[in-house]
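Engineer: Keeping the supplied structure of chain D fixed, place chain U upon it in accordance with the hints.
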Amino acid sequence: MKRAPSHSYPGLNLGRRHESAHKATEVVTFGFWVFLMSDLVYFGLMFAIYITMIDAQAGGPGPHELFDLKSVFAQTMILLTSSLTVGLAMLALKYNLPRSRIVLWFGVTLVLGLSFLVLEIRDFMAMAEKGGIPQRSGFLSAFYGLVPLHGLHVSVGCLWLIVLGIQLRVFGLTDLLMSRVVRLALFWHFLDLIWIGIITIVYFGGLTYG
Amino acid sequence: MTSAESGFFGRLSWDAFPLAGLIQTPNANEIVANTAAGIVIVGVVAVVGLLTWFRLWGPLWRDWLTSADHKKIGIMYVVFAIVMLARGVLEGVVMRAQQAAGPGDGFLEAEHFAELFSTHGTIMIFFVAVPFVFGVANFLVPLMIGARDVAFPVMNQISLGLTVSAGMMLMVSLVVGKFSTGGWTAYPPYTGAAFNPGVGPDYWIWAIVVSGIGTTLTGINFAVTIYKLRAPGMTFMRLPMYCWTIICSSILIVFAMPPLGVAALMLAADRYLDFHFFTNDLGGNMMNYANLFWLFGHPEVYLLVLPAYGIYSEVFATFSAKRLYGYNSLVIATMSIAVMSFTVWLHHFFTMGQSALINAVFGIATMLIAIPTGVKVYDWMATMFRGRIRFSVPMLYGLSFLMLFVIGGLSGVILANPTVDYQVHNTLFLVAHFHNVLLPGVLFGLLAGYNYWFPKAFGFRLNEFWGRVTVVLWTVGFMLTFLPLYFVGLMGMPRRSFSWEDPSFHPYMIVAVLGALVILAALLSVIVQLWVSIRNRANTRVPVGDPWDARTLEWSTPAPPPPYNFAIIPQITDRDNFAAAKERGEAYPTPDAYEDIAMPRNTGIGFMLCVFSGVWMFALVWWIWWLAALMTVVMLVTFIAWTFKGDTEEIISAEEVRKRHEAWLDLVHTSTPVDRDDETTPENLGLARPDLEVVT
Chain D
1 MKRAPSHSYP
11 GLNLGRRHES
21 AHKATEVVTF
31 GFWVFLMSDL
41 VYFGLMFAIY
51 ITMIDAQAGG
61 PGPHELFDLK
71 SVFAQTMILL
81 TSSLTVGLAM
91 LALKYNLPRS
101 RIVLWFGVTL
111 VLGLSFLVLE
121 IRDFMAMAEK
131 GGIPQRSGFL
141 SAFYGLVPLH
151 GLHVSVGCLW
161 LIVLGIQLRV
171 FGLTDLLMSR
181 VVRLALFWHF
191 LDLIWIGIIT
201 IVYFGGLTYG
Chain U
1 MTSAESGFFG
11 RLSWDAFPLA
21 GLIQTPNANE
31 IVANTAAGIV
41 IVGVVAVVGL
51 LTWFRLWGPL
61 WRDWLTSADH
71 KKIGIMYVVF
81 AIVMLARGVL
91 EGVVMRAQQA
101 AGPGDGFLEA
111 EHFAELFSTH
121 GTIMIFFVAV
131 PFVFGVANFL
141 VPLMIGARDV
151 AFPVMNQISL
161 GLTVSAGMML
171 MVSLVVGKFS
181 TGGWTAYPPY
191 TGAAFNPGVG
201 PDYWIWAIVV
211 SGIGTTLTGI
221 NFAVTIYKLR
231 APGMTFMRLP
241 MYCWTIICSS
251 ILIVFAMPPL
261 GVAALMLAAD
271 RYLDFHFFTN
281 DLGGNMMNYA
291 NLFWLFGHPE
301 VYLLVLPAYG
311 IYSEVFATFS
321 AKRLYGYNSL
331 VIATMSIAVM
341 SFTVWLHHFF
351 TMGQSALINA
361 VFGIATMLIA
371 IPTGVKVYDW
381 MATMFRGRIR
391 FSVPMLYGLS
401 FLMLFVIGGL
411 SGVILANPTV
421 DYQVHNTLFL
431 VAHFHNVLLP
441 GVLFGLLAGY
451 NYWFPKAFGF
461 RLNEFWGRVT
471 VVLWTVGFML
481 TFLPLYFVGL
491 MGMPRRSFSW
501 EDPSFHPYMI
511 VAVLGALVIL
521 AALLSVIVQL
531 WVSIRNRANT
541 RVPVGDPWDA
551 RTLEWSTPAP
561 PPPYNFAIIP
571 QITDRDNFAA
581 AKERGEAYPT
591 PDAYEDIAMP
601 RNTGIGFMLC
611 VFSGVWMFAL
621 VWWIWWLAAL
631 MTVVMLVTFI
641 AWTFKGDTEE
651 IISAEEVRKR
661 HEAWLDLVHT
671 STPVDRDDET
681 TPENLGLARP
691 DLEVVT
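Chains D and U, in that order, give the protein sequences.
According to full-length UniProt numbering, the first sequence is numbered sequentially starting from 1.
According to full-length UniProt numbering, the second sequence is numbered sequentially starting from 1.
Bound conformation, chain D alone (with noise of 0.2 Å):
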């Protein structure tokens, strides 16, 4: 039988610790990342409509009025910080660490993503209580259409965190399951990613321009 190569994907590998697992792993995996570019898109198209808007408060409130700096420091934080803890748990997976080290670093992340989305939903609160609110201007429909996504995102990443787990604990690490932590992880550091966008060009980008 061929060996698999020690990489079949970008990102961290399960390597040859695991070759039946590492195997099953490759097809799925470059599956999940050409989702990940489609979903990217998604995004872009989001951040391009949000370029497009940043003028069109039509007499509203404007990112001056509405974003708070403190709280996006805190959300970006929380978020790189569960990035960390999620590729600790990959680390735990990679290195045969105890079962219970990957399920315990998943409940961190989950945590952290909880935390994250508190902090996001009372930014959304005080945004409103300033008269923020979607249905204002098309500025801000351009920020509620982009920055809740990825919100959605990560809340959809939470409740697999969760699924996950429970599958770890029921089952085992067979080689399903490994395969699915790597795509976790991998969707979990996209959202990181697009968060990075999000400080820069919404925030930044609207503290700047709007």
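Honestly, the hints are just simulated from the structure, not real lab data.
All values derive from a computational prediction rather than experimental measurement.
Note that beta-carbon positions come from the ideal geometry of N, C-alpha and C, so glycine has one too.
There could be a bad hint or two in this list.
To be verified - Restraint ranges, calculated between C-beta atoms of paired labels, are given here: (1) U:Gly7 x D:Leu80: 56 to 62 Å; (2) D:Leu80 x U:Arg601: 40 to 46 Å; (3) U:Gly7 x D:Ile162: 33 to 39 Å; (4) U:Leu56 x D:Leu80: 56 to 62 Å; (5) D:Leu12 x U:Ala663: 44 to 50 Å; (6) D:Ser20 x U:Ala593: 19 to 25 Å; (7) D:Leu12 x U:Arg496: 50 to 56 Å.
Structural biologist: Just chain U now, with coordinates in the frame of chain D:
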């Protein structure tokens, strides 16, 4: 209606059913609407009745609806596409009749006519062309690349389920409420809540969103299948041309479906949540919609036509008994078209206010796309040159395509010039142009593929006589219907007009409606051909599997192929591997040993998601919020529950594979090979006599 809005059934009330309209105002318009609704209801009752009468519910469920076999999923896609094609053609005929009934208003009301052209366009693109293209691809791609299934068989089933449930929304809209009147492009602000508070645009939005998700999953699936599951030795430059076109189409889907989803969901946000993406007030900007829609819309036409080019490439090579001429140039041309298709979207709205410079850039880009397409046409002609040509049905479709498509392509180059476009945009000239590329290009290609691969799928050939009749009817019907529209468009007749006054348009309208009747006859002829072929199947069986002396890998399997496609995964050494093996006399090797084969187990998830997403869409359209919320939860729970099921494969034992394969090999060795003169006789059991060198 306001009183019902907050009720248990949302804004759904008895007024939504067309019969209410017929009782209140009995006229021709209502009779047409009720007839259409009646056809849907009678069709559903007839199908349910027949299935019950012949006790087919069990087999339908076990062998088809729950199957994850790419071949069966492909066939279901094609059946769905042909049902939707019937509706699309009927709508076309009614529209032609309406315009032929002028000068004046005809027999339909303006609203109804607008619904007809909106559903006609939506159906023909999203629920005929896309499912037909990917039905054929589903059936063929794993067979052509030497794989046992697609990369994600269950996801494939889910794609089918979502496409069908979205298509069903268009059928439901005939019976309950009214479809959009905003055309297949559904431009806001007209389709926004301010001008269109009814359910029409909502039907459009959710059908587009859900089928769009299905199509995106299909694109991912085929891109991964062709990248990762090729048989050993099948390098990219040994891929059949058809697979090249599918990989390009898949890439187009992955990158071009998101703009459509974004545009439709933003329109939904405007309509449901009072956002201001595309409204006239508070900073909305409808140009964003036009850009997003056509950022999808233009790659879309190429993702439909490229697979048809692929089918023609296989057909011309096989029925000329020659290698495909200029394979490398065809690959480069296909890839060039795929990339360039993203650079021309603006030519759909030259007149909507860009600067002359931008229009010029997009006009030139559009003309450039004609170059790789021209390369292809020459390659196909060179493939036929000095070949041993048989004028069988797929070949006749191909020849009809070559001549008609060039006219359509050239009218496209004319339209690519912004100064000309200013004169003829929004006229029937444009309608003539895109029908001229979509019918001979996409539809004829798919019908050629249907005739070509039917014996592979079902084990018997389609009737030649009725096939020829069908080709002639489609060709003549197309020319009579659409060529007059070029002239009447140049004379200034706007598209989508339910009423017109200039008497000089009349003769053209009469010819066009006659052509539409010929197209209707062509559609009937497709059904007659299928009926006659099924009745005479005892004389046209091709169990050995290679009735046309064809070149690519799928013909090296039995007809119909076993669930696992290949008893032994083949080693690929040549581009036309099967043709090369036949020349060497090694086409039907006896394997040394057999292995157990793991195949995807049947699962009901695709069917369940089909039903749930259908109910979900209906609830959203009619504002039945509790049901929409319930269905969202149900779909999530169904999917999560499915991920707890670990055991998704079943094993076909080596012994069973051996028995089946050896029985077929015996048949191969005992059958009499036929040469190309006897291709359409009952003696053709699907074993070809090698006569590649013979040129008569």
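Engineer: Are Leu80 (chain D) and Arg601 (chain U) spaced within 40 to 46 Å by their CB atoms?
Structural biologist: Holds - the Cβ-Cβ distance for Leu80 (chain D) and Arg601 (chain U), about 42 Å, lies within 40 to 46 Å.
Engineer: Per the hint of 56 to 62 Å, is the separation of the Cβ atoms of Leu56 (chain U) and Leu80 (chain D) within bounds?
Structural biologist: 58 Å Cβ-Cβ, so the 56 to 62 Å window holds.
Engineer: Is the distance from the Cβ of Gly7 (chain U) to the Cβ of Leu80 (chain D) consistent with 56 to 62 Å?
Structural biologist: 48 Å, violated
Engineer: Ser20 (chain D) and Ala593 (chain U), beta-carbon distance inside 19 to 25 Å?
Structural biologist: Cβ of Ser20 (chain D) to Cβ of Ala593 (chain U): about 22 Å, so the range 19 to 25 Å holds.
Engineer: Can the suggested window of 44 to 50 Å be confirmed for the beta-carbon pair Leu12 (chain D) and Ala663 (chain U)?
Structural biologist: 49 Å, holds
Engineer: Given a hinted range of 50 to 56 Å, is it respected by the beta-carbon distance of Leu12 (chain D) and Arg496 (chain U)?
Structural biologist: Holds, at about 55 Å.
Engineer: Is it true that Gly7 (chain U) and Ile162 (chain D) lie within 33 to 39 Å of each other by Cβ?
Structural biologist: Because 36 Å falls inside the window, the suggested range holds.
Checked against the numbered hints given earlier, the structure breaks only hint 1 and satisfies all the rest.
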